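S.K.: Chain by chain, the residues:
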Amino acid sequence: MTPIQLVFLFVAFATLWAAFMVVTRNNLVHAALFLVIALFGVAVLFVMLEAGFLAVIQVLVYIGAIAILMIFAVMLTRGDVDDIPDITNRYAGWVGLVAVLFFSSLVILMAQWPSFTALAKPILSSRDTIVELGTALVSPNGYVIPFEVASVMLLAALIGALVVARPRKGK
Amino acid sequence: MQIETALLIEWVVKSTILIFALLTGFAYTTFYERRLLALIQVRIGPNRTGPFGFLQPAADGLKLIFKEELIPANAYKFVFILAPILTVIPALIIMAVVPWGGAIELFGRQIALGLTDINVAILYLLSVASISVYGIVLAGWSSDNKYAMMGGLRSSAQMLSYELSLGLAFVVPILLAGSMSLNQIIEAQRGVWFIFYQPIAALVFYIAMLAEVNRAPFDMPEAEQELTAGYHTEYSGMKFSLFFMGEYMKMIAVSAIFATLFLGGYRGPFVDTYPLLGPLYLFLKVFLSLGLMIWIRATLPRLRYDRLMAFGWKILLPLSILNVFVTAVIIVVFGL
Amino acid sequence: MRFSALKRDERAGYEGHIVPASSLLEVAKALRDEDGFDLLSSVTAVDYLTDNEEEESFFEVVYHLYKSTGGGAEVLRVQVPRENPVVPSLVELYPGADFQEREAWDLMGIKFEGHPDLRRILMWEGFAGHPLRKDWKEVYFEEEAKPFGNRWPGGQVYRVEDQNPYGKNNQYPDGFDPESWVETEDPLLYENLEKAAREYTEDIDTEQVVVNLGPQHPSTHGVFRMAVRLDGETIVALKPVMGYLHRNHEKIGERNTYIMNMPFTDRLDYLASMSNNFGYALAVEKLMGDKVAPPERAEYLRVIMAELTRISNHLWAIGFLLNDLGAFFTPALYAIEERELILDIFEATAGSRMMCNYFRFGGVARDLPAGILPRMKDLVNERLPRKIDELDLYLSENELVRSRGEGVGIITPEDAIAFSATGPVLRASGVPYDIRRADPYSIYDRFKFDVAVRYHGDVYDRYMIRVDEMRQSLRILKQALKDLPEGEILTGHNPYQVRVPAGEAYGRVEGPKGELGYYIVSNGKPSPWRYHVRAPSFINLTILEKMCVGQKVADVVVNLGSIDIVLGEVDR
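Chains as they are written, first to last, in my numbering: chain A, 1 to 171; chain B, 172 to 507; chain C, 508 to 1079.
Same shape as in the complex, but just chain A (with noise of 0.2 Å):
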């Protein structure tokens, strides 16, 4: 085994551990700080993969700002600070059942998809990796027009809290 795959276990298996805290603490700023550590995990495994961009896009995003904000809501939101006795409800064993089902099914389906088990083929390395990936989200036979539904869906999105959270007159 190489150094890197040694590495690249070490923080996988850390990042898995980190999401089974999140849903097993009954304490929710710890499950809150094991998220961050899970979504850190994640943006290692991305410079692993030499894709620095999501990396840092993944902690700017995830973690600087998601994360943070359900922080926010943990805190602000005070009585829940305390360890809650109990985090199972009586659905708990279907819900898991369900969930293994469906996670297996997903497997399954993906391993037999052929792109999952074929190498990518590496990016030329005479070009960089943000313009290759700068020119794919802008040009029309790239991904143009999921960006945009995105960037509309997200203005949407920006209008809707606006429209929630502006003080109503008259009342």
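Note that these hints are calculated values from the structure, not bench results.
Values in this document were obtained by computation on a predicted structure and should not be read as measured data.
Just so you know, not all the hints are guaranteed correct.
[Said to hold, decoys possible] Distance condition first, Cα-Cα at most 30 Å in a straight line; then the derived DSSO-like pairs of lysine-lysine:
| # | chain 1 | residue 1 | chain 2 | residue 2 |
| --- | --- | --- | --- | --- |
| 1 | B | Lys185 | B | Lys248 |
| 2 | C | Lys1059 | B | Lys485 |
| 3 | C | Lys641 | B | Lys317 |
| 4 | C | Lys618 | C | Lys641 |
| 5 | B | Lys317 | C | Lys758 |
| 6 | C | Lys1053 | B | Lys317 |
| 7 | C | Lys1059 | C | Lys1032 |
| 8 | C | Lys758 | C | Lys884 |
Based on the hints, put chains B and C in the right spot on chain A.
M.R.: Here is chains B and C on its own, set in the frame of chain A:
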């Protein structure tokens, strides 16, 4: 494998130098701030410890180490201890992508002065900046103190808001240099510094970075007049000094970044012939930028919190968006 | 007077009218609405306790009413029996009576019927009794009046508590256990805070937080506490809590002889000791009559010192207001530099920089030392005008100062008068009421100066009015220094003890912080029977809650800074 080992040693040595420089820099920035503030405020400042008071930071550090560390009874202990650590780490690692000079020849190897040169350096800076808010939020929340809580909330809201303008101010040098690598941005300023092309972006960047490191007039989270000491009200001893360490190292880091993006980084006269001049020029620029920060602190009153948010969202953000837009249009139209 | 209920006070040395408690409200309303006595300057109580079987013991509540357009006082008195002292509260008519009535309840035990929040104000909850009552004895009580007898008679040391029937005299109210008492659990205060907060509603249901700003807080200017209810960063209700520095100044003053109180007044507003001396000297001189009329030179020196005090006080106030705005000490230190030069003059003349103890009944204690006059002239004519212009230039137009000060903490002129605000706080609201002009004392009627007025009543105007007032003070100083005559500085000799005829007097001056009044009742003995200080810092705080509600946390600090309080005077 031989080269790998040499590379590893090079990295370790450079990281050590960088951390050491930041820690010394932190200590002497406090001293610099105290002396310069005193000079501005018709006082003398610390001048008793060592020649010209040069040992004052050491004395301060020693005192803080021996201080009793108190943890409030109702504090959330784990997070309370974690928070100062989370404050210092981003401040330490953010400098990793900032080059301190060109390449030099040493032991028959080309050694670049700078820890690493990655093609997403600017995004790296932004992401590290975005996680530095954790320390403050968690400190404010875990202290079980209303002042600390309000300080934590204020600062996180403030940092999130100003990060947008900061990010947009980052975009302008990227557009001008056509790269996100800091080395190439410095190269692009070989002729004229970007501050002359883009004074507005530089101004926006400087303001946003003051807000990002919570310096006056944006020192809302620790607004002494209202919130006693804000998020670190309950901290004492070394934990307290870690917060200060984080703040001052971030001051140095953002100054270095500002110098890199807008003031030509390590570049200066004769730097191509004598690459070792590079760190010196960078030091000089950082020194001046820190001086400006201290000057601002000595001069301006604090903005009120709601006005600060309004300023960030209603003035700074539209201004920087407009600036990016205009710059992009000019670059496209004139094909620069 | 139109009211049949009113009776002229015919005791020798007294003025004003006696009103029965039942018709007080009616009389006060008529005085306010018809006669224009809209400024309730002082409310206090006197304990006329007598051992004489033939005379009756009673409490007297004394009200000093003025017109905000100027002129003399209308003094109302309400006499109530000592057994059940109940007086109707004037808070409805004059909100400014709020704290003063609480003080009278706290220290004298007068119940004010209809007062919305009658709690102790200066004493703490574990205090037994009402200390200004004449039959109240303090812990380790020694004697009724100073100078106390020898504690070492015949070389023998004895303990006071072993010698008198009161012993240590350490008491607590019934059901009070000092060991288990927790200060922050003050149910009455928080109940009142909640009551005030109930009027405030938001359409989104949010949780309000109670924050105690102080008593240990960097910007309360001392040990002062503001219990605040917050909705986010917005103030919903605010209650000032004070008395942490309380030393029962008035009780000590009633044990002291008259002259002993002179250095004691220095400790009230320790930033303006000369003004404190001035007010006290005026009050006692009023009682003593013309035989202690100060000579000409002394009058000039008094005015010079009082105006220098005003400048030094305003420099301090402006400097620290800027600090409250978040400027990191630079304006404060620049202002203090000038203040130090003024203190140099005080030191040279009075011997002390801050605790000056300079005034005497009938003059001042010391003449100017040789060589100080040119320095004063240089300071007043050259340096201070330049430095004040400099402050004005750098601060007044500063964008941040303007945006933080304009429209913040607005007091309307009506409110300012109703809440008995005085001094710069009143004048910044557009009421040109300055005692130096409205009811001139000493020789102020000889000088040319304008009463500085500003009209918005916000923090920025309260800052600007101080700049204006410093300029006017400089005008007075220039004239006074030019005309300063030679001659005596004290009528008669400097006495160890003065003889003060029986009677009462209310002497007031325009202190740097507002109307500083001394109400003194003498019964001919060497110590005053009643010694009351109308402290401007204390009474100006009455309006603080009204100023702050609806504003942000950061504004509270600025509002407080713009009132300019000194805790030595608030708590007394």
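S.K.: Against this structure, judge whether each hint is valid.
M.R.: Status of the hints after comparison with the structure:
For the suggested pair B/Lys185 and B/Lys248, the alpha carbons sit about 35 Å apart, so the restraint of at most 30 Å is broken. For a cut-off of 30 Å, the pair hint linking C/Lys1059 to B/Lys485 stands: about 20 Å separates their Cα positions. Note on C/Lys641 and B/Lys317: the hinted pairing is violated, with a Cα-Cα distance of about 44 Å set against a maximum of 30 Å. For the hint pairing C/Lys618 with C/Lys641, the CA-to-CA distance comes to about 17 Å; that is within 30 Å, so the pair holds.
A distance of roughly 39 Å separates the Cα atoms of B/Lys317 and C/Lys758; the hinted pair therefore is violated under the 30 Å criterion. For the given pair, C/Lys1053 sits about 24 Å from B/Lys317 by alpha-carbon distance, which is consistent with the 30 Å threshold. With a C-alpha separation of about 52 Å, the suggested pairing of C/Lys1059 with C/Lys1032 is violated against the 30 Å cut-off. With a CA separation close to 41 Å, the supplied pair C/Lys758 and C/Lys884 exceeds the 30 Å bound.
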